[in-house]
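Trainee: Sequence lines, in order, name chains C and G.
Numbering-wise (the numbering used here), the first sequence opens with residue 1 and increments by one.
Numbering-wise (the numbering used here), the second sequence opens with residue 410 and increments by one.
Because the hints were derived from the structure by calculation, they are not lab data.
It should be emphasised that the depicted structure is a prediction, and the values quoted were computed from it without experimental measurement.
No residue lacks a Cβ here, since even glycine has one placed at the ideal position from N, Cα and C.
Please note: incorrect hints may appear among the correct ones.
[Stated by the list, open to error] Reference listing, derived: stretches of chain C covered by chain G, where coverage requires no fewer than 3 residues with Cβ under 8 angstroms from a Cβ of chain G:
| id | segment |
| --- | --- |
| 1 | 166-178 |
| 2 | 347-354 |
| 3 | 398-407 |
[Unchecked claim] Straight-line alpha carbon distances no greater than 25 angstroms define the calculated DSS-like cross-link-like pairs of lysine-lysine that follow:
| id | chain 1 | residue 1 | chain 2 | residue 2 |
| --- | --- | --- | --- | --- |
| 4 | C | Lys377 | C | Lys39 |
| 5 | G | Lys482 | G | Lys545 |
| 6 | G | Lys493 | C | Lys396 |
| 7 | C | Lys399 | G | Lys548 |
| 8 | G | Lys570 | G | Lys523 |
| 9 | G | Lys482 | C | Lys399 |
| 10 | G | Lys548 | C | Lys14 |
| 11 | G | Lys441 | G | Lys570 |
| 12 | C | Lys399 | G | Lys493 |
| 13 | C | Lys399 | C | Lys153 |
| 14 | G | Lys545 | G | Lys426 |
| 15 | G | Lys493 | G | Lys534 |
| 16 | C | Lys61 | C | Lys220 |
| 17 | C | Lys39 | C | Lys81 |
| 18 | C | Lys178 | C | Lys68 |
The residues making up each chain are set out below.
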Amino acid sequence: MLFTLAIRNIFRNKRRTLITIAAVAFAVFLASFMRSFQKGAWDNVIGTSVNSFYGYAQVHKQGYWEDKSLDNSMELTDMLKSIPTNTENIEDYAPRIESFALASMGNKTHGVIVVGIDPDKENTLTKLEEKITNGEYLQNGDFGALIAEGVSKKLGLALGDSLILISQGFRAANAAGKYPIRGIVKYGLPDLNKRMVFLNLPAAQDLYAAPNRVTGLAMKIEHQDLVPGILKDLKSKLPEADYEVMGYNEMLPELMQARQLDEGGSAIILGILYALITFAIFGTILMMTKERSYEFGVLTTIGLRRLQLFSIVWLETILVSFIGAIVGIILATPLVYYLHVNPLDMTAMGEEAVATYEKFGMEPVIPAAFEASVFIKQAFIIFIVTCILGLYPLWKIMKLHPVEAMRDV
Amino acid sequence: MAIIEINNIEKTYNPSKVPVHALRGVDLQIKKGEFTAIVGPSGSGKTTLLNIIGGLDSPTTGQIIINGQDISKLSDNNMIDFRKENIGFVFQAYNLIPVLTALENVEFIMVLQKKDKKARQERAKELLTAVGLADKLDKRPSELSGGQQQRVAVARALASKPAFILADEPTANLDSTSTAGLLDMMAKMNEEEGMTFVFSTHDQRVIDRARRVVTLVDGKIESDIYNG
Ligand SMILES: Nc1ncnc2c1ncn2[C@@H]1O[C@H](COP(=O)(O)OP(=O)(O)OP(=O)(O)O)[C@@H](O)[C@H]1O
Ligand SMILES: [Mg+2]
Chain C
1 MLFTLAIRNI
11 FRNKRRTLIT
21 IAAVAFAVFL
31 ASFMRSFQKG
41 AWDNVIGTSV
51 NSFYGYAQVH
61 KQGYWEDKSL
71 DNSMELTDML
81 KSIPTNTENI
91 EDYAPRIESF
101 ALASMGNKTH
111 GVIVVGIDPD
121 KENTLTKLEE
131 KITNGEYLQN
141 GDFGALIAEG
151 VSKKLGLALG
161 DSLILISQGF
171 RAANAAGKYP
181 IRGIVKYGLP
191 DLNKRMVFLN
201 LPAAQDLYAA
211 PNRVTGLAMK
221 IEHQDLVPGI
231 LKDLKSKLPE
241 ADYEVMGYNE
251 MLPELMQARQ
261 LDEGGSAIIL
271 GILYALITFA
281 IFGTILMMTK
291 ERSYEFGVLT
301 TIGLRRLQLF
311 SIVWLETILV
321 SFIGAIVGII
331 LATPLVYYLH
341 VNPLDMTAMG
351 EEAVATYEKF
361 GMEPVIPAAF
371 EASVFIKQAF
381 IIFIVTCILG
391 LYPLWKIMKL
401 HPVEAMRDV
Chain G
410 MAIIEINNIE
420 KTYNPSKVPV
430 HALRGVDLQI
440 KKGEFTAIVG
450 PSGSGKTTLL
460 NIIGGLDSPT
470 TGQIIINGQD
480 ISKLSDNNMI
490 DFRKENIGFV
500 FQAYNLIPVL
510 TALENVEFIM
520 VLQKKDKKAR
530 QERAKELLTA
540 VGLADKLDKR
550 PSELSGGQQQ
560 RVAVARALAS
570 KPAFILADEP
580 TANLDSTSTA
590 GLLDMMAKMN
600 EEEGMTFVFS
610 THDQRVIDRA
620 RRVVTLVDGK
630 IESDIYNG
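With the rest of the complex left out, here is chain C:
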């Protein structure tokens, strides 16, 4: 009957109940909406970097990331090759040998990054083939080259021309080679667009005098949420003395910092929102406690213990805020889902915004993240806040004196 009593009390002052439900629902709605959008935007930015080159995780020889030289390359051993078969959630990997070289054409020279790749594996990871604007993608075993649009402009190279590369190979070997240009690729990110040159892995290993060696393996992983587990798994399998295992967040530290800063800013806004909601809800709890003090007096007089009385009142608050949280989630879900499927179009924000997005190789849209964890977290925070506010009557009830509570009718 105590439960019935709580339920009936919720319906007793419908207006107050509705105010509380609305306040909680509004907060959950707004907070989930904001967080979903923010998460979507950042996932998009990070996803672009990850998908255009880095991948969500990489394996290198220990020390490579600090000193990216061929001397820190590693042999592509059977153990490394077996990573996808032995590790859950890693579908495949793209092997790479990467170093600097001087590209020349006639009397013009330009510094480039030469990456030896496995064309098929690279394509499944970074969809390199889709970036071709002119010519063809590399075939397996072909000794030709793909160059980025910026490189072709800088050196005045066209399809079919020969690209001459001069560099230093593994253990200071001389490195030079001549490669017919098979295709031109376009990168959104200017840094990549100015510098990238792709060769077949064996061709690059040949150039660098580093047979069967790679500088890194980029792992193909379906979703970023799988990354922490995979990193742990890989670290346990690969001896730390020989290999370094890095997640995208370690490889993109500036981006992660910018994200943290941005999220910190919105946490402050959410904090203010929570504070406002807290006041609204506390107001209703205060009113309720005051209005019902006579009744509380009667109940303790006839034999209801204080903690029993409090648990009824607390249950009411908890139920109402739970309903509010659910309503908030129900309201936010379709909106966030809509913006997940139909991302916010930034072209409406003017050409500058579009240009900025394109500069970073992204479509000028912000998709909302549609993830249950975002909703649940916000609902949980507000639910907990209300549960704590609901403790106020406990204090009142503990010091309630039935005679005094019942004196002013």
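Mind docking chain G with the ligands on chain C? Use the hints.
Mentor: Frame of chain C; chain G with the ligands shown alone:
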């Protein structure tokens, strides 16, 4: 044997500021089955006395023994439990839980006593029938008249099978018909079930129905008369 025994009770409100001596040495014994009215002018200490008997307030000095137990020694929870098991309360008004029906209000105290559902519903119906409200079981307090609400309150007080029922001016808010009805009902419970009632009142018609009349003046018992 006395179920209520009060020895030399004094009650002073505001002892540090402007002291109000609400009770100045009251001795009183009430035996099982009595039907006692506490009367006296306004401010004479009737409510104070009933609150002390009911364990809602403690005396400044003096001893109060209920059913052989000195209740001044009870902790808060034990006092609440003691009231639940031993004392039925009827107040001047607003006795009932507004969101519960008449039947549920009477049942409520038996829920606290952990009686099983069937037994308590039966008893609640029985009692409401006895107080003449058999047709109002499912009405909420707001749908009942003041007199009907007081009857439900008496039924609730009886439901816990207490040692006695305390009622502070139970008829103060009732018209004369309802007053007579409530008094008839209380007298019947007293005669048929041997229930002990202690009630305060200003109303001469109520005083006339009491079998024992204790008159308080200025916090002291001025007279204590049995009407036979
Ligand atoms: N909480 C309190 N603080 C201070 N004085 C009080 C308090 N309660 C009662 N009094 C005083 O104690 C005296 C007795 O009050 P009490 O309420 O017991 O009288 P009463 O006989 O019930 O009066 P009434 O017929 O008006 O109900 C009065 O002088 C009253 O003003
Ligand atoms: Mg009084």
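Trainee: For the pair we were handed, Lys482/G and Lys545/G, check the Cα-Cα distance against 25 angstroms.
Mentor: Roughly 41 angstroms between the alpha carbons, so the hint for Lys482/G and Lys545/G is violated.
Trainee: Would the hint linking Lys482/G and Lys399/C be met if the CA-CA limit is 25 angstroms?
Mentor: Roughly 19 angstroms separates the two Cα atoms, so the pair holds.
Trainee: Against the 25 angstroms threshold, does the CA-CA distance of Lys377/C and Lys39/C hold or violate the hint?
Mentor: Roughly 13 angstroms separates the two Cα atoms, so the pair holds.
Trainee: Against the 25 angstroms threshold, does the CA-CA distance of Lys493/G and Lys396/C hold or violate the hint?
Mentor: Given that 25 angstroms is the threshold and the Cα spacing comes to 21 angstroms, the pair holds.
Trainee: Can the restraint linking Lys545/G and Lys426/G be considered satisfied, given a maximum Cα separation of 25 angstroms?
Mentor: 49 angstroms, violated
Trainee: Is Lys39/C within 25 angstroms of Lys81/C, Cα to Cα?
Mentor: Roughly 34 angstroms separates the two Cα atoms, so the pair is violated.
Trainee: Between the segment 398-407 of chain C and chain G, are there enough contacts, at least three residues with CB-CB distance under 8 angstroms, for the coverage claim to hold?
Mentor: With 3 residues in contact (Cβ-Cβ under 8 angstroms with chain G), the coverage given for the segment 398-407 of chain C holds.
Trainee: Next pair to validate is Lys399/C with Lys548/G; report whether the Cα-Cα distance is within 25 angstroms.
Mentor: Roughly 33 angstroms separates the two Cα atoms, so the pair is violated.
Trainee: For the pair we were handed, Lys493/G and Lys534/G, check the Cα-Cα distance against 25 angstroms.
Mentor: Within the cut-off at roughly 20 angstroms; holds.
Trainee: Please work out if Lys178/C and Lys68/C have their alpha carbons no farther apart than 25 angstroms.
Mentor: Answer holds: Lys178/C to Lys68/C is near 24 angstroms, not above 25 angstroms.
Trainee: CA of Lys570/G to CA of Lys523/G, is that 25 angstroms or under?
Mentor: 13 angstroms, holds
Trainee: For the segment 166-178 of chain C, count the residues whose Cβ lies under 8 angstroms from any Cβ of chain G; is that count three or more?
Mentor: With 0 residues close enough to chain G, the hint is violated.
Against the hints set out earlier in the document, violations occur for numbers 1, 2, 5, 7, 13, 14, 17.
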